[in-house]
Amino acid sequence: MRSKSTRTVIGLATAAGLVTAVSIGLAGGASAAPGISEGTMTNANHDQPPQGARATVQVSPNPTSRRGQEVTITGNCGGGTGLKSVLGGFPEHPALENIRIIDAGPDHFVAKATVSEHIGNGVGPVFVDCGGEAGVTLLVTHV
16 MRSKSTRTVI GLATAAGLVT AVSIGLAGGA SAAPGISEGT MTNANHDQPP
66 QGARATVQVS PNPTSRRGQE VTITGNCGGG TGLKSVLGGF PEHPALENIR
116 IIDAGPDHFV AKATVSEHIG NGVGPVFVDC GGEAGVTLLV THV
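Just so we're aligned: the sequence shown equals residues 16 to 158 in the numbering used here.
Worth flagging that the hints you see were computed from the coordinates, not collected in a lab. Being a predicted model, the structure only gives us computed values, none of them experimental. Here a beta-carbon is modelled for each residue, glycine too, at the ideal position from N, C-alpha and C. Hints should not be assumed to be uniformly reliable.
[Claimed, not checked] Quick list of the computed label-pair ranges, beta carbon to beta carbon:
{"hint": "1", "residue 1": "S75", "residue 2": "E132", "range": "15 to 23 angstroms"}
{"hint": "2", "residue 1": "D122", "residue 2": "G83", "range": "13 to 21 angstroms"}
{"hint": "3", "residue 1": "S75", "residue 2": "D122", "range": "30 to 38 angstroms"}
{"hint": "4", "residue 1": "Q63", "residue 2": "G120", "range": "32 to 40 angstroms"}
{"hint": "5", "residue 1": "Q63", "residue 2": "G83", "range": "35 to 43 angstroms"}
{"hint": "6", "residue 1": "H157", "residue 2": "P65", "range": "28 to 36 angstroms"}
{"hint": "7", "residue 1": "L153", "residue 2": "G94", "range": "32 to 40 angstroms"}
{"hint": "8", "residue 1": "H157", "residue 2": "Q66", "range": "32 to 40 angstroms"}
{"hint": "9", "residue 1": "H133", "residue 2": "Q63", "range": "15 to 23 angstroms"}
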């Protein structure tokens, strides 16, 4: 049986994949449709990501410059009930530690975390669970 955190990570990773696939599809689809100029598509499904993946998230500063640096995670729950959790990296290899939700508001959330001491140079995901909506961004580390 999978733990709750493992199920959350799998769900968030799936949502991130859907957002990526839809974004690529929209970018390719809008320019490939014959006879339709850019910006004239009116289908509501093309205006936003699929339901369940509408939360937005940003990390600042990004890229980070040192281990142990505090970062701020902000965003919008995209229709979700409010920020429930933040995961930086993966449970086995966390990129963020000491994650604290400061404001869980659905219209604008704020969380703080520190970059893990074992992290190296690279790119990793930062997932948010907003109670019905998920979001993901990339954290770039240059330590």
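Check each numbered hint against the structure and report the violated ones by number, ascending.
As far as the earlier hints go, 2, 3, 4, 7, 9 are violated by this structure, in ascending order.
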